[in-house]
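**Student:** For the sequence shown, the residue numbers in our numbering are -14 to 102.
The set of hints was computed from the structure by calculation and includes no laboratory data.
It is possible that part of the hints are untrue.
Claimed, not checked - Listed below are the simulated DSS-like cross-link pairs for lysine-lysine, each with C-alpha atoms no more than 30 Å apart in a straight line:
id, residue 1, residue 2
1, 40, 84
2, 64, 84
3, 89, -2
4, 89, 17
5, 75, 64
6, 59, 89
7, 40, 3
8, 17, 3
9, 75, -2
10, 3, 54
11, -2, 59
12, 84, 59
13, 3, 64
14, 89, 3
15, 54, 89
16, 3, 59
Said to hold, decoys possible - Label-pair restraints from in silico Cβ distances:
id, residue 1, residue 2, range
17, 25, -9, 17 to 23 Å
18, 35, 64, 30 to 36 Å
19, 33, 90, 20 to 26 Å
20, 93, 38, 14 to 20 Å
21, 35, 57, 30 to 36 Å
22, -1, 36, 36 to 42 Å
23, 2, 34, 33 to 39 Å
24, 14, 46, 25 to 31 Å
For every residue, glycine included, the Cβ atom is placed at its ideal position computed from N, Cα and C.
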Amino acid sequence: MDINFSDIVSITKSSCNKCSLFVYQVPCEIDKSIVSFMESFGEPIYNIDEVNLLKIESNDNYIIESRLKRTIIKFGIPKELENSDIDYRKAEFEICLGKWLSNKFSIPIWMSKQEAE
-14 MDINFSDIVS
-4 ITKSSCNKCS
6 LFVYQVPCEI
16 DKSIVSFMES
26 FGEPIYNIDE
36 VNLLKIESND
46 NYIIESRLKR
56 TIIKFGIPKE
66 LENSDIDYRK
76 AEFEICLGKW
86 LSNKFSIPIW
96 MSKQEAE
């Protein structure tokens, strides 16, 4: 059984004067196994085992944040980067998230035209 990413993950966008924020509602609780799927963005700032908070600030200023055991994960894009590689990095984040979900549920999850392996 194949599942489309957009069928199981809802995305909302909000903005302020500092950033654009994409909020992803996933069908399961976030756990620390997600870190290995987000390596291209960098390492967590905090020790996840101590604070139950996943926060990654990439070298190019993108931010990933979630509390463990919650079903929300956020992807933040600074305003100064909105007109640059936003689509590429957002797609990269979604592919990483899709691969994590695929691994977690042991099922293929399709990312629009790409398959999360």
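**Student:** Is the Cα-Cα distance between residue -2 and residue 59 30 Å or less?
**Tutor:** With Cα atoms ~10 Å apart, residue -2 and residue 59 stay inside 30 Å; holds.
**Student:** Run the distance test for residue 40 versus residue 3: straight-line Cα separation, threshold 30 Å.
**Tutor:** Satisfied, since the Cα-Cα distance of roughly 18 Å is no more than 30 Å.
**Student:** Would you mind confirming whether the straight-line C-alpha gap from residue 40 to residue 84 stays at or under 30 Å?
**Tutor:** Holds - the C-alpha atoms of residue 84 and residue 40 are around 19 Å apart, at most 30 Å.
**Student:** Given the hinted pair residue 3 and residue 59, is their Cα-Cα distance within 30 Å?
**Tutor:** Answer holds: residue 3 to residue 59 is near 15 Å, not above 30 Å.
**Student:** For residue 25 and residue -9, compare the CB-CB distance with the range 17 to 23 Å and indicate the outcome.
**Tutor:** Because 22 Å falls inside the window, the suggested range holds.
**Student:** Can you confirm whether the C-alpha distance between residue 54 and residue 89 stays at or below 30 Å?
**Tutor:** 14 Å, holds
**Student:** Within 30 Å, alpha carbon to alpha carbon, are residue 75 and residue -2?
**Tutor:** 12 Å, holds
**Student:** Look at the Cβ atoms of residue 35 and residue 57 and judge whether their distance stays inside 30 to 36 Å.
**Tutor:** 21 Å, violated
**Student:** Could you check the hint for me, namely that residue -1 and residue 36 are 36 to 42 Å apart, CB to CB?
**Tutor:** 24 Å, violated
**Student:** Using the Cβ atoms, figure out if residue 14 sits within 25 to 31 Å of residue 46.
**Tutor:** 28 Å, holds
**Student:** Has the hinted range 14 to 20 Å been met by the Cβ atoms of residue 93 and residue 38?
**Tutor:** 30 Å, violated
**Student:** Need the status of pair residue 89, residue 3: alpha-carbon distance at most 30 Å?
**Tutor:** 33 Å, violated
The structure fails to meet hints 14, 20, 21, 22 from the earlier list, while all remaining hints are met.
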